[in-house]
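J.: First to last, the sequence lines map onto chains G and C. To get our numbering, take the position in the first sequence, counting from 1, and add 897. To get our numbering, take the position in the second sequence, counting from 1, and add 13.
Everything labelled a hint here was simulated from the structure, so no lab data went into it. All values derive from a computational prediction rather than experimental measurement. Just so you know, not all the hints are guaranteed correct.
BS3-like mimics (lysine-lysine), calculated; alpha carbons at most 27 Å apart, straight line [to be verified]: (1) Lys102(C) with Lys52(C); (2) Lys122(C) with Lys64(C); (3) Lys933(G) with Lys39(C); (4) Lys119(C) with Lys102(C); (5) Lys933(G) with Lys94(C); (6) Lys97(C) with Lys39(C).
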Amino acid sequence: MSTNDRFVMNNVPLEYWAVIQRLGHRCKVFNYENSKPIFDDFQFTGLSNFDFLTTEFYLGGFDQE
Amino acid sequence: MAIFVEGQTERIFVSKLVREIAGEKKVFIATEKPMKSRKGERIFTVIDVTKIPTDEKYYVLIRDCGGDSCVMSDIKDYCEKLSKSGYEKIVGLRDVYPIPASDIPKLRKGLVYGIPTRYIPIHLVLAVMEIEAWFLAETTHFRRIHDSLTPQVIASTLGFDPTVEDVESRPHPSEDLKTVYKVAGLSYKKRKNSVERTVEAIDYGELYLEQAERVKSLGEFVDQIDTFLT
């Protein structure tokens with residue numbers, strides 16, 4: 898399923914996520930397979946899954962802050 | 014001051030602790046929990062107040078966020094609004110568990126990620142490894158729960174003496190409480206009456222004067238309340 902719903906996102910474990918970033922006519926996908934360290938690091942923020950998206954943590958983890 | 018906690022145990026304990034530390038000082042405490050609105054939105058609703066507010070000098074809001082992964086997100090989402098409402102500071106309290114002790118430095122560093130710092134001072138306290146470590150440290154409370162729970166019985170049951178050893182080294186203190194209470198045929202479950210029984214049995218003078226010195230994370234939390242009330 899695709900969603901932007903907070904409740905759904907907070908109740909689906911991150912390892913089942915695929916975040917799609919649109920850059921012009923291209924799409925980039927971030928998921929557990931291609932971004933495992935970032936996905937694993939998120940637990941140390943203490944934030945909810947919804948904020949994985951809102952803070953754009955998926956882009957670079959702690960390195961991008 | 015607004016205190017964001019992860020669940021019922023913390024909510025019940027923190028409310029009692031603030032009242033005990035404040036003593037005769039004029040403190041009004043409101044406690045909130047998240048509920049679902051008719052539209053399915055998550056909103057905070059007042060579930061308890063100490064009394065009808067009159068001329069209290071200190072106002073403490075305790076927000077039970079309903080989960081460890083909600084504490085930081087709720088602080089992030091509400092810090093601006095609380096600042097505009099006149100709050101002086103926010104304190105967040107959550108357990109380290111289930112994250113292992115070896116990752117505490119990483120957790121301390123990571124918890125500030127995405128948290129705005131421009132609106133209001135925000136202090137994050139990690140209960141190492143769980144808030145139950147603080148209950149474990151206040152060993153006099155066990156005899157008030159049941160006469161048979163002497164320091165000798167506790168030490169031999171756990172293979173660990175919480176009166177002198179470091180309670181923050183225990184990986185799962187809530188399980189330790191459960192193990193000790195079981196000796197007296199009692200249980201420790203994260204249910205309201207079970208938590209209230211423990212919280213009411215604690216000697217807050219002992220906790221404040223002795224254990225806050227010995228248990229680092231408890232001392233940090235007590236400091237936050239103390240500085241607010243002075």
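J.: If a hint holds in the structure, say so; if it does not, say that too.
T.: Here's how the hints hold up against the structure:
1. At roughly 31 Å between alpha-carbon atoms, Lys102(C) and Lys52(C) are farther apart than 27 Å, so this suggested pair is violated.
2. Distance check on the hinted pair: Lys122(C) and Lys64(C) sit about 38 Å apart at the alpha-carbon level, beyond 27 Å; violated.
3. With a CA separation close to 51 Å, the supplied pair Lys933(G) and Lys39(C) exceeds the 27 Å bound.
4. Annotation: proposed proximity of Lys119(C) to Lys102(C) holds, straight-line Cα distance about 24 Å (limit 27 Å).
5. Note on Lys933(G) and Lys94(C): the hinted pairing is violated, with a Cα-Cα distance of about 35 Å set against a maximum of 27 Å.
6. Between Lys97(C) and Lys39(C) the alpha-carbon distance is near 23 Å, which keeps this suggested pair within the 27 Å criterion.
Of the numbered hints stated above, those contradicted by the structure are hints 1, 2, 3 and 5, listed in ascending order.
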